[in-house]
Structures are given as C-alpha cells and as structure tokens.
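**Student:** Throw the hints in and build the complete structure from the sequences for me.
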Amino acid sequence: INFVSKAGDTFKNQPAGVRAVFLPDDKFNEDSFFLSVFGRPEMDSACECERVADANLAQSLHLINSETIQGKLGGDAGRAAALAAAKDRPDPERLGELYLHALAREPRPAELEAAGAHLAKKRTAAGGDPAALAKAEREAFEDILWALVNTKEFLFNH
Numbered sequence: 001i002n003f004v005s006k007a008g009d010t011f012k013n014q015p016a017g018v019r020a021v022f023l024p025d026d027k028f029n030e031d032s033f034f035l036s037v038f039g040r041p042e043m044d045s046a047c048e049c050e051r052v053a054d055a056n057l058a059q060s061l062h063l064i065n066s067e068t069i070q071g072k073l074g075g076d077a078g079r080a081a082a083l084a085a086a087k088d089r090p091d092p093e094r095l096g097e098l099y100l101h102a103l104a105r106e107p108r109p110a111e112l113e114a115a116g117a118h119l120a121k122k123r124t125a126a127g128g129d130p131a132a133l134a135k136a137e138r139e140a141f142e143d144i145l146w147a148l149v150n151t152k153e154f155l156f157n158h
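At position 140 of the sequence shown the residue is numbered 140 (our numbering), and the sequence of numbers has no breaks.
For the record, the hints were derived by calculation from the structure and aren't laboratory data. Errors might be hidden in some of the hints.
No more than 30 Å apart at the CA atoms, straight line, and that leaves these computed lysine-lysine pairs for BS3-like [to be verified]:
no., residue 1, residue 2
1, Lys12, Lys87
2, Lys122, Lys152
3, Lys87, Lys122
4, Lys87, Lys6
5, Lys135, Lys152
6, Lys6, Lys135
7, Lys6, Lys152
8, Lys121, Lys152
9, Lys122, Lys135
10, Lys135, Lys121
11, Lys6, Lys122
**Tutor:** Have a look at this one:
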C-alpha cells in the first residue's frame, strides 16, 4: 500500500522509511492492526508457513473502510495527488503509471477505457471552475487507485 500510494509508515524505535518486512520482531504487530490482519506471523517459530495467504473478510473490510488506508491513498504527497497535478501528461500515461505501481502491468484496453470514463465523468461534474476541476481529478485518481488496491490481483501480487 505504501509503495503504490507513495505513503510511509513509522514504527517506534525504527529508522524512518523502514518497511514492515524488515521489522526485527513481532512486537510491532500489537501497534499495527494492518500487520495483524494481513497475517504477519508471530515469532514463535521460524516457519513462514504460519502466514495466512488466503484473503478473509477482515482484510477486505480493512481495505475498503480503513481510515488509515484512505489516508494513504488520498495523502497530499501521494501518488494520486501527484498524478492529478501532472496535467502536462496525457491521461493514458498517468493511468498506466497507477497500474504499473499497483498491478505491475499496463492497463488493458477495457480498463483504460473505464478509468478514462471515470475521469471524464468527474471532470464533467466539476463544471468549468478550475478549483472544482482540480479537486475532481484528484478524487478520480484516488478512486481508481482505491479500486486497484481492492482487486484480487493486487492482493495476489503483494
């Protein structure tokens, strides 16, 4: 989620920018609901087989409803905000960047068409006001990023 959204986490007594995979022990599971829900195993054994690979309801609800996830996807320094502000780049290029970071592939033609239609719908609803248009484009990129994060393909890849 952090890589895709350009967000970051801070873990107590760890250097800035440390990723969860590099945490030295499982005491961080207590402070992070995300780590516990997504199956970071306790350190009772050295077997990675304790990690739950199947998606479950708690994971789905966390991705859909979590204020933490929403904050990461909609952050001012995030990928969605940056892509919305990059008006000099064509929509297919900006959408392609979202797909590359989220799913490690280019969008399929139908996906590109659907995402482009969502952008167009948001732009139309904003009318001619430049501030409303900027807000609408940012919301559209956040929506598309949120949709990608909530796909089975994203969960499988990450």
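**Student:** So, for every hint listed, does it hold in this structure?
**Tutor:** Each hint tested on the structure:
1. Lys12 with Lys87: Violated - the C-alpha atoms of Lys87 and Lys12 are around 38 Å apart, more than 30 Å.
2. Lys122 with Lys152: Answer holds: Lys122 to Lys152 is near 26 Å, not above 30 Å.
3. Lys87 with Lys122: Judged against 30 Å, a Cα distance of about 15 Å means the pair holds.
4. Lys87 with Lys6: holds (19 Å)
5. Lys135 with Lys152: holds (28 Å)
6. Lys6 with Lys135: holds (19 Å)
7. Lys6 with Lys152: holds (21 Å)
8. Lys121 with Lys152: holds (26 Å)
9. Lys122 with Lys135: holds (9 Å)
10. Lys135 with Lys121: holds (13 Å)
11. Lys6 with Lys122: The given pair, whose Cα atoms are some 23 Å apart, holds under the 30 Å limit.
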